[in-house]
Amino acid sequence: MPEATILLIIASIVNALVLSSMYILLALGFTFLFNIMGILNFAHGAIYMIGAYICFFLATAVGMNQWLAMLIAVAAVGLFGIFMERFAFRPFFGNINQIIVVCIGIITVLENGVSVSQGFIVQVTPPFVQGIFRVGIVSISWERVVIFLIGISLLVLVLLFINKTKQGLQMRAVAQDLEGAVLQGINVHFVSALACVIACALAALAGSLMGSYLSLTPYMGQDIMIKVLEILVLGGIGSINGVLFAGLIVGTLDAVLPIMVSGTATQAIMMLIIIIILLFKPQGLFGKEVRG
Amino acid sequence: MKKISYPLVLTSILLASFLVFMSLAGCTKTATTTAATTTTTTTTTVQPIKTYTVGLLAELTGFLGSYNTATVNEAQIAVDMVNENGGVIVGGQNYNLKLVVEDGQSTLDGTTAAANKLIFNDNVKIIIGPDAYFNSAVSGLCEQNKILHIAGYCTMQPGEMDATTTYTFLGQAASINYFTGALAYLKANYPNVKTVALAMPDDGSIPYFGAAVQKMVQAAGYTVAGSIIGYNNSAVDFSPYAAKIIATGADAVICCSGIALPNGSILKDVRDAGSNMLFVICNSTIPTDNIKVAGTTESTNVVDCSAAYIGCPNPSAILTEMIQRYQLLVGNSNAPLVTLEYANPIWELGHVLNQANSFDPAVLKNTFSNMTSIQTLYGPGTISGLKTFGINQAVSYQLPITTITNGVPTFQTWEPALVP
Amino acid sequence: MILEISGLTKNFGGLAAVSGMNITVNDGEVLGLIGPNGAGKSTLFNLITGVIQPTKGTVVFKGKDITGKRPHVIAELGIGRTFQLNPLFPNFTVLQNVISSFQIRPRSNLFDTFFNTPVYRKNEAYILEQSLEILQLVGLYKVRNELAKNQPHGYQKMLGVARALAIKPELLLLDEPIAGMNPDEIDNTIEAIKRTSQLGVTIILVEHNMKILEICNRVVVINFGQKIVEGTPQEIKENPEVIKAYLGSGHDTQH
Amino acid sequence: MVVKGSMIAAPNSNTHRKNLIPAIGYGAVICLLACLPLIFKSPYILHLFILTLIYIIAAASMRFIMTSGQIPLAHAAFLGLGAYVSAVLSKHVGLSPWLALIIAALVSMCVGIAISFPFARLKAFYYAMISLFFGVGLLQGIESLGKLTGGLAGITSIPTLFSTGSKVPYYYVFLALTIISLAILYRFESCRIGWNLKAIDQSYLVSSSVGISEVKYRVIAVAIGCFFVGLAGGMYANYNVTISPSSFDTTAKLWMIIYVAIGGTNDFAGPIIGTAVLFLIPQYFSGLKQYTPFVSAAVLFAVIFAFRDGLVSIPRLIRTRYQRKKVKVQTDDS
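Chains as they are written, first to last, in this note's numbering: chain A, 49 to 340; chain B, 6 to 425; chain C, 463 to 717; chain D, 27 to 360.
Please keep in mind that the hints were generated in silico from the structure rather than gathered at the bench.
Here the structure is a predicted model, which is why all the values come from computation and not from measurement.
Where hints are given, some of them may not hold.
Incomplete in silico selection of chain A near chain D, CB under 10 Å [claimed, not checked]:
#1 Leu-88
#2 Asn-143
#3 Ile-144
#4 Asn-145
#5 Gln-146
#6 Val-150
#7 Ile-155
#8 Val-157
#9 Glu-159
#10 Ser-163
#11 Leu-277
#12 Glu-278
#13 Thr-312
#14 Leu-327
For each residue, glycine too, the CB sits at the ideal point set by N, CA and C.
Construct the entire structure; sequences and hints are all you get.
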């Protein structure tokens with residue numbers, strides 16, 4: 049086997065891992081919100097984009113410390129989550145059509161708002177960490193390593209939150225049986241608002257990180273959204289652990305397919321694979337019960 | 006059992022149609038006013054100056070939105086500059102140019118609708134733009150209705166520009182220009198490059214532009230490593246493509262067309278993956294943008310054939326003025342120009358109108374295609390393109406070549422990026 | 463003998479909801495199927511009507527093996543059923559509920575239906591008149607034009623029966639027809655069931671309310687997915703095992 | 027989905043009078059629509075009307091599928107499929123555009139049937155998601171066919187239905203096609219087929235217990251819906267001369283369901299009104315250039331928060347309000 053091929057294979061494996069962790073990072077907030085609260089946030093991509101732009105703005109225009117900027121972006125977008133819960137999700141809970149309408153409205157406003165206000169300058173948040181990390185013939189930029197680590201650790205944190213903390217348990221209670229939860233004296237609105245805050249914060253975090261890895265465009269959220277939905281359905285509804293494996297599958301496909309087929313065909317093949325998987329496991333890989 | 010409440014539904018249908026009626030009545034009103042008319046304005050010149058309306062087709066919303074909003078600003082500046090130099094003189098009468106802008110929404114059918122609006126609603130006889138492959142929606146329409154069409158860009162896809170679209174001109178350097186410029190420089194200054202890999206966005210242009218590029222590369226005596234690598238413009242991560250490029254084992258990679266995001270990302274990923282191969286970027290996006298995306302440490306050993314940018318010696322006084330006005334407009338003293346993709350055609354149009362001394366598109370197109378040299382914002386340009394497009398209607402002019410080392414762009418030379 | 467269940471078993475992940483059930487139902491009788499909560503009565507119904515597939519065993523209806531057939535096929539063969547929970551189309555009116563339950567006899571093909579041929583119109587007219595009759599039978603005629611979801615619980619249950627009758631069943635499975643009803647609703651329901659069985663329809667009742675026994679010719683008591691005893695209502699009332707089985711269990715509706 | 031009206035014409039005399047009012051109404055609307063080219067001479071405005079007609083067919087067919095409780099997020103992709111099939115047939119194969127139109131509709135229907143057999147097992151949310159994925163995949167697949175479909179740049183200079191450049195014949199032909207399609211869809215919905223679809227939507231368990239085959243009727247719904255959306259796609263391609271994937275992408279898919287939802291999913295007239303309003307209002311404000319999208323967003327929010335059952339619910343709301351005023355007795359109910 050020629051050396052080039054071996055390099056290609058190794059590179060693909062590395063890419064698959066890193067890309068998967070990126071997708072896990074992206075999908076975490078969305079899947080969390082849907083699996084735990086049964087809320088389908090179609091505007092996740094737009095929120096991710098807003099988070100990226102806020103972080104960019106603070107880090108470059110204001111000249112703030114990068115990590116601080118990220119934290120502020122996360123906080124700000126988290127607050128936006130309360131707004132989302134109150135005006136987008138609570139009034140239309142369970143009606144997918146109306147949720148789509150509201151979310152499209154929000155997406156339109158956010159994307160065009162950014163597009164109009166920012167004007168055309170290629171915008172990139174400066175990298176959080178510099179340099180390249182070499183092991184033998186494999187070499188990755190530290191940025192990607194950081195994204196990888198953050199993605200995985202966030203997943204663990206969210207799992208801990210759901211299973212160990214009081215709020216996490218309350219969320220699951222609300223999701224499983226609303227009336228029961230109310231009878232138990234759980235403040236349902238508080239719980240769901242909390243869930244939305246967490247979800248949006250996670251989206252913003254992903255946005256800030258990816259914004260430094262890729263460049264920012266007002267429409268960066270659109271393609272992300274499809275990926276996120278793929279991961280949600282593939283992972284199975286009602287299972288956060290599913291995200292890990294779904295993310296791995298989608299990431300690997302995205303890392304390997306472009307090497308075999310060119311350009312847009314990758315997406316088609318990918319969808320085909322995903323649909324086939326779902327036809328054999330309609331509940332997704334780790335799905336428990338159907339909701340929504 | 007009650008029948009469906011159709012009377013009520015019908016009232017709402019009527020209501021809706023009434024609303025539509027009103028709205029479109031509004032449209033017609035605007036149409037009559039904005040049609041190419043004669044509103045007199047008083048200026049320094051002796052006789053009153055009439056205004057002549059020119060249509061500008063831009064993608065103001067959608068994924069090209071922010072970009073084209075900027076280029077439309079440039080176009081407006083160009084119009085002001087033409088008017089301040091006395092406008093255009095046709096039949097001894099001075100005319101000020103006036104732009105009517107329509108939005109193509111970054112979709113082909115949106116662009117078709119906008120073109121329809123310009124032609125049938127705003128009654129313009131000259132259309133500038135649109136961007137990228139959206140020309141394919143306009144060229145045919147203009148041919149049908151005998152409208153002069155000066156495209157702002159061209160990706161060489163069918164319907165954009167060929168022997169059948171005689172009313173269509175390419176008024177601005179397109180992907181083919183940037184490529185020829187880069188190739189010529191590469192040939193002259195990098196003798197040790199033998200094999201090159203080709204990468205370009207897989208937006209359907211590979212069978213056309215890609216094929217042409219491949220031929221030209223081989224004609225220049227290079228061997229193309231592997232097939233053309235088509236990347237997905239909207240990919241989240243470009244490292245797979247980078248891996249693919251490195252795996253070809255070529256001495257250099259040429260990224261044809263495409264925008265800053267994919268090109269910069271691929272550059273970054275190629276470097277991160279540990280390869281230091283020569284990286285040639287030939288597209289309108291300026292070097293500083295590519296550096297922004299790729300990062301300073303990663304952007305090294307790069308040759309970039311691009312539009313004019315801050316730091317390259319200005320080819321003409323007009324361009325200097327253009328830059329100053331643009332910076333004034335956006336209120337940023339060192340904002341780079343975008344690409345002039347609409348400003349350049351307008352500037353040329355002024356030249357052509359003066360030469361032709363008529364507003365008749367048929368006359369204009371003959372004059373335009375028979376001009377040996379034309380005045381562009383980049384200085385004198387030539388008209389060619391018979392070999393590439395089948396018609397001699399593409400304007401080409403000198404383009405700046407830049408090398409980048411450790412994130413520092415260094416201007417090298419002006420290449421006469423001729424369209425064969 | 464209209465229905466014969468032999469060795470019917472259903473396991474939900476290890477534990478057996480129904481195991482080795484053998485029941486035979488004779489023509490025109492009213493068979494009571496009683497047992498405490500979670501005894502597997504509803505599961506048995508779902509097995510008969512093909513909503514869930516049995517692990518093993520067979521269901522034979524009129525000498526025809528219907529084990530594991532799709533629910534709508536079984537319905538076509540003439541087994542009607544009602545449901546414990548939300549037994550109707552909530553957004554149809556009561557009459558529409560019954561009309562739209564006429565799928566099999568008469569059935570007009572797509573062509574007739576679309577082109578509104580005389581055949582289709584004849585069928586629909588017939589269906590309308592039949593539906594009104596059925597509503598008379600179950601005593602819902604006066605509320606026929608009101609939305610089903612706005613009806614009281616008892617009416618909804620009766621509507622369930624009416625819908626089941628609309629497919630002209632030879633065998634009718636009633637899943638807790640009187641659960642959660644008030645006394646006079648119960649009396650009406652029992653009246654209606656009696657009238658129905660007089661039309662020659664074989665009926666199987668699931669109930670864990672002993673009161674229903676008085677209209678049954680025969681009663682089967684099941685617990686933990688198995689048949690405990692079988693006999694006339696009188697025998698059952700005295701049977702010590704039944705008493706025992708019932709002591710532990712409350713009388714609220716099943717899951 | 028709330029269901030109104032009767033499945034059969036109740037055989038009492040005054041239904042004739044009942045049916046008369048809508049009949050007159052229809053006549054009025056059709057006359058109005060037929061007169062439009064005489065009112066508006068501008069080809070551009072006719073262009074807008076023609077596109078509206080096409081989208082109305084698409085939206086109405088989408089709603090028809092939705093009556094069975096399936097949310098076909100792939101519908102815009104089917105519009106694209108129809109458009110591409112008829113474009114390829116009439117341009118590359120050289121069939122007559124009219125024939126291509128019909129074939130496009132049939133192909134779209136066949137694909138719809140083919141996918142709806144495996145998908146019929148899936149319940150609401152999963153169906154929506156998988157059809158979304160299928161739509162994306164289908165579009166990307168079409169896009170990646172290289173020279174045949176011209177990738178992202180799409181197909182240009184598609185043979186047109188009429189040689190004349192005027193848009194008036196298009197308007198009348200498409201108006202006729204739209205009316206026919208809507209009539210057929212309305213017939214399907216008001217006969218037993220439509221009722222069975224609504225029954226399945228309300229409870230597939232109950233409907234199967236009375237002998238309604240869920241799979242059969244879901245497939246029927248998808249087949250009919252896809253046929254008409256394919257037809258609309260073919261009309262679009264042969265009228266618009268140029269098509270590209272970006273016209274049918276994810277955003278388009280979601281906008282399509284918005285046309286339906288804003289108009290109102292519960293009523294046949296919903297998608298018609300929704301499309302007319304949502305497609306034409308932004309056109310009216312197109313003078314705002316890059317600020318136009320905010321207008322459509324504003325319309326969305328206004329409608330969804332004011333009348334969540336869509337625009338068709340306005341008259342009903344007004345009426346109930348009026349009745350409340352009249353009858354002060356039951357103010358506490360509702």
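Comparing the hints with the structure gives:
The interface hint given for A:Leu-88 is met, as the beta carbon of that residue sits about 8 Å from the closest beta carbon of chain D, less than 10 Å. Satisfaction of the interface hint for A:Asn-143 is found here, the shortest Cβ-Cβ separation to chain D being roughly 8 Å, below the 10 Å cut-off. Against a cut-off of 10 Å between C-beta atoms, the interface hint on A:Ile-144 holds, since the closest Cβ of chain D lies about 6 Å away. Nearest Cβ of chain D to the Cβ of A:Asn-145: about 4 Å, under the 10 Å cut. The hint holds.
At its closest, the beta carbon of A:Gln-146 sits 6 Å from a beta carbon of chain D; the interface hint therefore holds under the 10 Å criterion. Interface hint status for A:Val-150: upheld, as the beta-carbon distance to the closest one in chain D is roughly 6 Å, under 10 Å. Because the smallest distance between the Cβ of A:Ile-155 and any Cβ of chain D comes to about 9 Å, under 10 Å, the interface hint for this residue holds. For the restraint placing A:Val-157 at the interface with chain D, the shortest Cβ-Cβ distance is roughly 5 Å, inside the 10 Å limit, so the hint holds.
A cut of 10 Å between beta carbons decides the hint on A:Glu-159: the least distance to chain D is about 8 Å, and the hint holds. Among the interface hints, the one on A:Ser-163 holds; its C-beta lies about 7 Å from the nearest C-beta in chain D, closer than the 10 Å criterion. For A:Leu-277, the shortest C-beta to C-beta distance to chain D is roughly 6 Å, which falls under 10 Å, so the interface hint holds. Because the smallest distance between the Cβ of A:Glu-278 and any Cβ of chain D comes to about 7 Å, under 10 Å, the interface hint for this residue holds.
The interface hint given for A:Thr-312 holds, since its Cβ lies 4 Å from the closest Cβ of chain D, which is under the 10 Å cut-off. About 5 Å separates the beta-carbon of A:Leu-327 from the nearest beta-carbon of chain D, less than 10 Å, and the hint is met.
Taken one by one, the earlier hints all hold for this structure without exception.
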